[in-house]
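Kindly produce the complete structure, drawing on both the sequences and the hints.
So for the sequence shown, the UniProt record's numbering puts the first residue at 1; every next one is plus one.
There could be a bad hint or two in this list.
Calculated cross-link-like contacts (lysine-lysine; reagent style BS3-like; alpha-carbon spacing at most 27 Å) [what the hints assert, rightly or not]:
| id | residue 1 | residue 2 |
| --- | --- | --- |
| 1 | K86 | K39 |
| 2 | K110 | K26 |
| 3 | K77 | K104 |
| 4 | K18 | K86 |
| 5 | K26 | K86 |
| 6 | K114 | K86 |
| 7 | K110 | K86 |
| 8 | K18 | K114 |
| 9 | K110 | K39 |
| 10 | K104 | K114 |
| 11 | K110 | K77 |
| 12 | K18 | K39 |
| 13 | K26 | K39 |
| 14 | K114 | K77 |
| 15 | K104 | K86 |
Because the hints were derived from the structure by calculation, they are not lab data.
Being a predicted model, the structure only gives us computed values, none of them experimental.
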Amino acid sequence: MNTDQKNKINLVVNSESKPYWEGAAKGQLLIRACNACGKAHYYPRTICPHCFSEDTAFVEASGNGVIYSYSVTRQAKPPYVIAYVKLDEGVSMLTNIVDCEIDKIRIGQKVRVKFSEAGDGYALPVFTSA
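Here it is, written out as structure tokens:
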């Protein structure tokens, strides 16, 4: 996937996820943090998956992480990479790796977030080599 491509993506934007998508549109990667147990989580949802508290809030993530696992889809034209990235904050997110040489991608590689246009004023967080 090339981040210069203008892809229309069907995002599910609801009252719970709207701040996440609005942050992404402004170039901010937001995750949720629990005020009760102190743990961060992604996908951002109101109830903490660790302790089930509703005392959670959006916080801005650093946008830095490492590739935990990845797969290259070479049958697609152009080929693309889907990956789990473990953020410095400790949460993992499923994403795409873009704007890098596919054959040089490695588990443990440092990456940083960038945002790809998703249509309707929203943006999708993707990652590239740090």
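Going through the hints against the structure:
1. K86 <-> K39: Measuring from Cα to Cα gives roughly 14 Å; hence the hint holds.
2. K110 <-> K26: Answer holds: K110 to K26 is near 23 Å, not above 27 Å.
3. K77 <-> K104: Holds. K77 to K104 sits at ~19 Å (cutoff 27 Å).
4. K18 <-> K86: holds, 23 Å
5. K26 <-> K86: Within the cut-off at roughly 22 Å; holds.
6. K114 <-> K86: It holds: about 15 Å lies between the C-alpha atoms, which stays within 27 Å.
7. K110 <-> K86: This hinted pair holds, its Cα atoms lying about 10 Å apart.
8. K18 <-> K114: The hint holds at about 19 Å.
9. K110 <-> K39: Roughly 22 Å separates the two Cα atoms, so the pair holds.
10. K104 <-> K114: Since the Cα atoms of K104 and K114 sit roughly 19 Å apart, the hinted pair holds (cutoff 27 Å).
11. K110 <-> K77: holds, 26 Å
12. K18 <-> K39: Between K18 and K39 the Cα gap is close to 21 Å, so the pair holds against 27 Å.
13. K26 <-> K39: holds, 25 Å
14. K114 <-> K77: OK: K114 and K77 at ~22 Å, within 27 Å.
15. K104 <-> K86: holds, 18 Å
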